[in-house]
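Peer 1: Using the sequences and the accompanying hints, generate a full structural model.
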Amino acid sequence: MKPLLTRSQSAAISTGVFWFVFLLVVLQLWLLTATMNAHMGGDQSVVWPAAAASVACLAVNLWLLRRLQHLEGDG
Amino acid sequence: MNGDHADRRDYPNRRPLEMQPQWVRDFPTDVPDDELVARRAFVRFLVLTSGAFATGQCWIGLMGREVSGPQPRQRVATLAELRVRRILEFRYPTADDPCLLIDLGGDRIVAYSQKCPHLACAVIPDLDRHELICPCHNGHFEIEAGRPIAGPARRPLPRIQIELDGDAVFATGVELSTT
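Residue numbers (this note's numbering), protein chains in the order written: chain A, 1081 to 1155; chain B, 12 to 190.
Hint data in this document are derived by calculation from the structure and do not stem from the laboratory. A few of these clues could be false.
Unchecked claim - Label-pair distances were calculated between CB atoms; the ranges are:
| # | chain 1 | residue 1 | chain 2 | residue 2 | range |
| --- | --- | --- | --- | --- | --- |
| 1 | B | Asp-45 | A | Leu-1103 | 44 to 52 Å |
| 2 | B | Asp-137 | A | Pro-1129 | 39 to 47 Å |
| 3 | A | Leu-1107 | B | Asp-44 | 40 to 48 Å |
| 4 | B | Leu-90 | A | Leu-1109 | 45 to 53 Å |
| 5 | A | Leu-1084 | B | Pro-27 | 21 to 29 Å |
In this text, a Cβ means the ideal position worked out from N, Cα and C, and glycines have one as well.
Peer 2: Spelled out as structure tokens, the structure:
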């Protein structure tokens, strides 16, 4: 059976996914440093919203990894 | 490996398999496939890093719950002692938290944690210059409010809230600040 995507198309998609995941990880790193600074300064109000945002980023990353594995399995 | 797959294979020098050096013909590598596998492995590593960051965030949240409980009221000195010595050391809120009680003259009394917010070295008061100095990395804090004025520290010294009750000085809480 002919695959749905050509090899170059799936390569382009996986590169896009890679950069998106990379961007989210950089965002999480920023969240972690900003939260740690706030925590050390006694400001606890941002800690749990930042944790929720970080967990959301992780969920998106896991979903993208799963999609990537499906894509490469199909391609 | 079938012929179709071999035809689709790309080599860095863009030549077909027949024109590749002997060692490439002996051990052919599918370069785009190899790149795809490497990229996927790196995305896996990034997702693992993402999980570590999310765990770190939750850990900070749990630590915050532990430290946000009520703080004790503790007698730390008498005014008579402070007037004579001008600087007194005490421990608050636990025995592992050294603090300084400083008489600035008049009715002004301040107290700070002695741990530098940079890397927790002990700060030393210099009353002549109205500063607290961290000798480890040459950090300077103004003595009136504990704000950093030079050196690597970005946060002020944790301020100890004090109360006067007759001649006794009580510590009642720790005030942290980001600016």
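Peer 1: Look at each hint and say if it fits the structure.
Peer 2: Here is what the structure says about each hint:
1. B:Asp-45 <-> A:Leu-1103: 44 to 52 Å: violated, 25 Å
2. B:Asp-137 <-> A:Pro-1129: 39 to 47 Å: holds, 41 Å
3. A:Leu-1107 <-> B:Asp-44: 40 to 48 Å: With a Cβ separation near 31 Å, A:Leu-1107 and B:Asp-44 fall outside 40 to 48 Å, so the hint is violated.
4. B:Leu-90 <-> A:Leu-1109: 45 to 53 Å: For A:Leu-1109 against B:Leu-90, whose Cβ atoms are near 49 Å apart, the range 45 to 53 Å holds.
5. A:Leu-1084 <-> B:Pro-27: 21 to 29 Å: holds, 27 Å
Violated hints, in rising order: 1, 3; the structure is consistent with all others.
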